[in-house]
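Q: Sequence lines, in order, name chains A and B. Be aware that the first sequence starts at 1, since it is given in UniProt numbering, and climbs by one per residue. Be aware that the second sequence starts at 1, since it is given in UniProt numbering, and climbs by one per residue.
The reader is advised that the hints may include incorrect statements.
Since copy identity is lost for identical chains, a pair holds within one copy or between any two.
BS3-like cross-link-like pairs, simulated, lysine-lysine; straight-line CA separation at most 27 Å [what the hints assert, rightly or not]:
hint	residue 1	residue 2
1	423	261
2	237	423
3	234	445
4	237	471
5	237	261
Since the hints were made in silico from the structure, they are not lab data. Only a predicted model underlies this, so the values are computations on that prediction, with no experimental measurement involved.
Residue strings, one per chain:
2 protein chains.
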Amino acid sequence: MPATSPMPDISIPQARRIVVDTTGAQIVQEESPATRDSRGIYLPHYIEPVSHIAIDIGGSLAKVVYFTRSNLPISTTPPQSGHSSPFLPPSESVFIPPFSSNGTSSSSSRHHESPSLNPHSHAPFDHSPPTRHPTLNGALTPGVLSEDYRNQASSASSAVRSYASTVSNHRGSFSKPHAGKYRRSDSLPPPLPGGLLNFARFETDNINDLIKFLQDLINRSAAVNRVSLEKMQKNVKVMATGGGAHMYYDLLRKELNVEVKREEEMECLILGLGFIARVPEEVFWFSEELVYKVSHTNTKDRPPEGEKLTIPPSELPRPSPTPPAYQVTFADANATDNVPNFPCLIVNIGSGVSIVKVDEDGSFERVSGTSLGGGTLWGLLSLLTDAENFDEMLLLSEQGDNSAVDMLVGDIYGSDYSKIGLKSSTIASSFGKVFRKGKAKKSFKQEDIARSLLYAISNNIGHVAYMNAAKYGLDKVFFGGCFIRGHAATISTLSYAIRFWSKGTMRACFLRHEGFLGAIGAWIKNVEPEPEPEIQSETSGGVDASLQRDVNGKAH
Amino acid sequence: MPATSPMPDISIPQARRIVVDTTGAQIVQEESPATRDSRGIYLPHYIEPVSHIAIDIGGSLAKVVYFTRSNLPISTTPPQSGHSSPFLPPSESVFIPPFSSNGTSSSSSRHHESPSLNPHSHAPFDHSPPTRHPTLNGALTPGVLSEDYRNQASSASSAVRSYASTVSNHRGSFSKPHAGKYRRSDSLPPPLPGGLLNFARFETDNINDLIKFLQDLINRSAAVNRVSLEKMQKNVKVMATGGGAHMYYDLLRKELNVEVKREEEMECLILGLGFIARVPEEVFWFSEELVYKVSHTNTKDRPPEGEKLTIPPSELPRPSPTPPAYQVTFADANATDNVPNFPCLIVNIGSGVSIVKVDEDGSFERVSGTSLGGGTLWGLLSLLTDAENFDEMLLLSEQGDNSAVDMLVGDIYGSDYSKIGLKSSTIASSFGKVFRKGKAKKSFKQEDIARSLLYAISNNIGHVAYMNAAKYGLDKVFFGGCFIRGHAATISTLSYAIRFWSKGTMRACFLRHEGFLGAIGAWIKNVEPEPEPEIQSETSGGVDASLQRDVNGKAH
Chain A
1 MPATSPMPDI SIPQARRIVV DTTGAQIVQE ESPATRDSRG IYLPHYIEPV
51 SHIAIDIGGS LAKVVYFTRS NLPISTTPPQ SGHSSPFLPP SESVFIPPFS
101 SNGTSSSSSR HHESPSLNPH SHAPFDHSPP TRHPTLNGAL TPGVLSEDYR
151 NQASSASSAV RSYASTVSNH RGSFSKPHAG KYRRSDSLPP PLPGGLLNFA
201 RFETDNINDL IKFLQDLINR SAAVNRVSLE KMQKNVKVMA TGGGAHMYYD
251 LLRKELNVEV KREEEMECLI LGLGFIARVP EEVFWFSEEL VYKVSHTNTK
301 DRPPEGEKLT IPPSELPRPS PTPPAYQVTF ADANATDNVP NFPCLIVNIG
351 SGVSIVKVDE DGSFERVSGT SLGGGTLWGL LSLLTDAENF DEMLLLSEQG
401 DNSAVDMLVG DIYGSDYSKI GLKSSTIASS FGKVFRKGKA KKSFKQEDIA
451 RSLLYAISNN IGHVAYMNAA KYGLDKVFFG GCFIRGHAAT ISTLSYAIRF
501 WSKGTMRACF LRHEGFLGAI GAWIKNVEPE PEPEIQSETS GGVDASLQRD
551 VNGKAH
Chain B
1 MPATSPMPDI SIPQARRIVV DTTGAQIVQE ESPATRDSRG IYLPHYIEPV
51 SHIAIDIGGS LAKVVYFTRS NLPISTTPPQ SGHSSPFLPP SESVFIPPFS
101 SNGTSSSSSR HHESPSLNPH SHAPFDHSPP TRHPTLNGAL TPGVLSEDYR
151 NQASSASSAV RSYASTVSNH RGSFSKPHAG KYRRSDSLPP PLPGGLLNFA
201 RFETDNINDL IKFLQDLINR SAAVNRVSLE KMQKNVKVMA TGGGAHMYYD
251 LLRKELNVEV KREEEMECLI LGLGFIARVP EEVFWFSEEL VYKVSHTNTK
301 DRPPEGEKLT IPPSELPRPS PTPPAYQVTF ADANATDNVP NFPCLIVNIG
351 SGVSIVKVDE DGSFERVSGT SLGGGTLWGL LSLLTDAENF DEMLLLSEQG
401 DNSAVDMLVG DIYGSDYSKI GLKSSTIASS FGKVFRKGKA KKSFKQEDIA
451 RSLLYAISNN IGHVAYMNAA KYGLDKVFFG GCFIRGHAAT ISTLSYAIRF
501 WSKGTMRACF LRHEGFLGAI GAWIKNVEPE PEPEIQSETS GGVDASLQRD
551 VNGKAH
């Protein structure tokens, strides 16, 4: 996440193929708002042949991704008592009861716990309570199970590959994978129950909480699978990325007593995006129509149906004291909007901000960054407000009016500065009203300060992102990182900044698992060993084209 | 100073020619550190044919520029008692005694008050005490003096024009103007005593202080010149620019009872730069050699003499917790570095930041801006520190260590992130160390907070400036505005940011009267009436080429 940086080429990552079958993938209903951005993802047609845990340790937060078995599709009724996976003793379930407010951990299969997802749901924007420690969920599948398991596992992974090809042969046929599958190989067993991709988050400061969580996960998995802890540890691998992967490498090895593999941060970011973008209802953005409506009360001058909107820059809504209501549009899982998403610009907003250019072939370069990121907002607001954590800060900002502290164009000119097209509501100087000789500090409300700072940082990131996207001719900008937290004001400000500066020619895209791109990428990297030639050809059509090639664009 | 803005064309300003003779111009020695950036400029060969005062009222500060007569060159001994200008009654002097600490007003001719300027003087970087109210200095020359004066004045202005042409006919001959002058027209009278360009600054909040200052100046000038206040008011004109020119237009007219003319902000900025850059020892920058030395302890791999330095980006010094010692290089008055300075990018940092692209012909466009400017630093530091004013905040920052609050690359990686060329001292996240659950707020020092915020804002402005300079292919970036205040850490950070991002291909330039560009431009605009044809031709070679043309580049 470093800020100022040169623009060197990054060492070329190895060719990667995603053979995780996303057919029928679903983001599970949340059992708690705290899991807003860390809901589990149910993968009905994937099982993991070897256990591993992926972690992405940033400057402020450590993100965890791991896969646990599931024995029922998310949209069916919960398991009957005693019912269990073929790999589990009847007495044990990989699912623990939902924990309504004491965790940011991932998923629950209890369908009745919450309403089902709606493509235009505002769920991603629910307020969230203070973050507490993630709670363990599910158990890993060790690579030391019975021969019986191995067979099924291997046939499963060939099933996975056949599914993968099916997916590509029938883009848009996510809902009826079996057609493809059985056409490909009737000899395969019926689909395995699949499982859940779990997400958890910790403060890097509390690294011991992370370690404890991982130890418990490993211990629990050993118990659930009735293997010794030693066997489990031998078979579990930790894929670590982010700066902390280097900082805490020795500590992790010593405390977990498992293999720890370090992966390059930027490469994992790109891989993570490539995978997660294939999950339905993961990618979303503000609709052009909304932006247009906001700047047009009447509709007479709307363009004909189907025509691209070209909104005059002067009519684009600007970040203002009171941003309009927002509305999300999810990428259509059946449209090419969903996969591939390259070329694009990825702006990862953690403690600091990294800006990465991704070409169509998946090759990438960290081209820019800024030190004004989440850490800046969190740090300053922890000095300026009583908020105890980021979620409280966001709640504060929602109740504030930045015009009480920001100097607007109208405050300087007494009106618009129409000569250069600036509206009187445009922010001329963030916190520009605060500096008053002898003015009492307590005369400024925490809420207003929080909102002003959120705008200032979001606007600035959007501005720098736009300049880089323009420089490299990219019209799609993905915003990731835990700074966003699915927060409406943040997303609207970033979206407006991109639209405003690009005069409506660029789109700002967001992700529901925005903070986990790096961790997901690290997890993907270990999903399967280096591919054997015949598998490559067999599956060549079956995976995201942008990940089917190496970063030089050489197809296999 | 507005922040986010579209990029429209700005209405074309009228053709302008500068006939103010800068021959022998000198920046007077300061009588107080408070005048660091507002020292008077002695113009031995210019007198003002008509009185006017220029003001630039921004969101936080109002800047004043006005010309008063002088009856002695700056570098001679002080006047004998009773000695006076031919236009003054013997009993009166236009100079008031130096005021050592109670003002930011401009100039004194008392040579012995301070050491004479040295091209490598650090004077511009002296600490300055809290700003207090400017003190009135000198008297205006009304357009209502005797016929005798009028004659001398008009012959003076023709002398001015002839000097102007001389200057250009002998670029680099600033030191011996008479040669040119007498060759041109032996009939002209010996040089007139000239006078002083005065600078003063007020907080926009205290607009009444500004009005009182202007009232006193007008009253005093009436008394000194023995004309009635009514006559003086009829003959004095106020040229107003900046947002406050609109906001306070009616107030100014009512309170001053003089004509108030509004001038466009961006146009004045460009005109002001075009004029001030012609003053010796006004423009300065960090030497390439210094930057190079900083990143090379040994000198073996220096390029041959005369060859342009191309410093590898990875070896460019970065903004770091402890920037190296700085050193200024003044533009050589005899070099083309001095005039013209176009094309260039002008980054004016006031409460907010305006970024203006200037073409070779002087045409310009406000292409960008950011709301993270001086107002942001002043506002946040007034909330976070006990500093009462900006100078105290700068003093605080000089005693601080930002690494106590900033998250550096080394804090995240435990080392350099060499894979993408980031040193461990690079700031990854401004204030990234502050956010600690339950950490006591008082555990952070005001000095460290001040330094961190100064770096954060300066880095960001430098970054955005670089991106715009690169976009428009400009290699010279002028930083103006009262944010800079000749402050070493600010100038070094801005310079490093430009060098770092541009890989040493761009130069950051600074000005000693950085905060007064707009006010100087407004003053210049009224220096003489619209030019008559013959004067144009007569002086066509005599002034800055960039100001000899209209903004479309059509030469006259």
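Q: All hints are to be evaluated individually against the structure, with a verdict given for each.
A: Against the structure, the hints come out as follows:
1. 423 / 261: between (53 Å within a copy, 23 Å between copies)
2. 237 / 423: neither (56 Å within a copy, 30 Å between copies)
3. 234 / 445: Neither: 55 Å inside a chain and 48 Å across chains, both beyond 27 Å.
4. 237 / 471: neither (40 Å within a copy, 46 Å between copies)
5. 237 / 261: within (7 Å within a copy, 74 Å between copies)
When the structure is compared with the earlier hints, violations turn up for hints 2, 3 and 4 and for no others.
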